[in-house]
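Line by line, the protein sequences are chains A and B.
Read in order, the letters of the first sequence are residues 360 to 474 in the numbering used here.
Read in order, the letters of the second sequence are residues 5 to 117 in the numbering used here.
A portion of the hints provided could be inaccurate.
Unchecked claim - Pairs of lysine-lysine residues, derived as BS3-like cross-links and limited to a Cα-Cα distance of at most 30 Å, are as follows: (1) B:K46 with B:K19; (2) A:K372 with A:K416; (3) B:K62 with A:K416; (4) B:K72 with B:K61; (5) B:K62 with B:K19; (6) B:K72 with A:K416; (7) B:K61 with B:K19; (8) B:K75 with A:K416; (9) B:K62 with B:K72; (10) A:K372 with B:K46; (11) B:K19 with A:K416; (12) B:K9 with B:K75; (13) B:K61 with B:K46; (14) B:K9 with B:K46; (15) B:K75 with B:K61.
Hints were generated in silico from the structure; no laboratory data involved.
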Amino acid sequence: KAGVTQTPRYLIKTRGQQVTLSCSPISGHRSVSWYQQTPGQGLQFLFEYFSETQRNKGNFPGRFSGRQFSNSRSEMNVSTLELGDSALYLCASSPGSGPIGGELFFGEGSRLTVL
Amino acid sequence: QQQVKQSPQSLIVQKGGIPIINCAYENTAFDYFPWYQQFPGKGPALLIAIRPDVSEKKEGRFTISFNKSAKQFSLHIMDSQPGDSATYFCAPRQDNYGQNFVFGPGTRLSVLP
Numbered sequence: 360k361a362g363v364t365q366t367p368r369y370l371i372k373t374r375g376q377q378v379t380l381s382c383s384p385i386s387g388h389r390s391v392s393w394y395q396q397t398p399g400q401g402l403q404f405l406f407e408y409f410s411e412t413q414r415n416k417g418n419f420p421g422r423f424s425g426r427q428f429s430n431s432r433s434e435m436n437v438s439t440l441e442l443g444d445s446a447l448y449l450c451a452s453s454p455g456s457g458p459i460g461g462e463l464f465f466g467e468g469s470r471l472t473v474l
Numbered sequence: 005q006q007q008v009k010q011s012p013q014s015l016i017v018q019k020g021g022i023p024i025i026n027c028a029y030e031n032t033a034f035d036y037f038p039w040y041q042q043f044p045g046k047g048p049a050l051l052i053a054i055r056p057d058v059s060e061k062k063e064g065r066f067t068i069s070f071n072k073s074a075k076q077f078s079l080h081i082m083d084s085q086p087g088d089s090a091t092y093f094c095a096p097r098q099d100n101y102g103q104n105f106v107f108g109p110g111t112r113l114s115v116l117p
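Let's have the full structure, built from the sequences with the hints guiding it.
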């Protein structure tokens with residue numbers, strides 16, 4: 360079974376630009392979560408989508424947004440990039456919620472550098 | 005704010021040693037307690053997890069122990085190997101709260117040959 364696929368793996372942007380990251384979850388998984396990982400703040404939850412609906416949202420500004428498509432693939436967008444947005448963005452999929460949804464399966468991440 | 009603390013921040017042991025990593029949490033509603041392992045350049049991967057109805061769970065060389073009254077759970081790695089060198093995160097979660105895991109700050113483990 361294929362794992363979680365994230366594209367692109369690396370990208371460089373300049374301040375003020377916007378970026379879109381893509382995530383293809385494991386087949387059959389309906390939940391997709393996004394996390395930001397930085398050396399200073401660790402792993403921070405951005406949002407979770409389940410069956411095309413945002414179910415949970417972390418404490419990030421509105422510049423960070425996401426969506427999920429009917430095939431469970433997800434995208435996240437960051438507008439008006441700031442230097443502090445430089446990070447590894449990780450996508451994780453899971454079967455769902457409750458006792459059956461416990462484990463997160465992470466992709467290898469998209470490393471964003473903002474200059 | 006759901007706070008999760010890990011200790012130590014980093015750990016160096018000799019091959020064969022038994023590193024212990026601790027995780028303390030505040031939210032008593034958490035009911036799923038996993039440890040994730042992350043190698044450089046890779047995403048985290050589930051290592052072992054426990055639910056609060058048991059106090060200990062062992063999978064191979066990895067043991068997780070849970071102390072509900074102290075709101076703590078720990079990871080023990082028996083007969084540690086250089087290949088265990090990685091960053092370890094605890095990530096407790098409340099089951100009916102979707103997939104919003106609160107990750108600890110991480111513990112960087114180095115196992116010397």
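(message) Tell me the numbers of any earlier hints that the structure contravenes, in ascending order.
(response) Hint check: 3, 11 fail, others pass.
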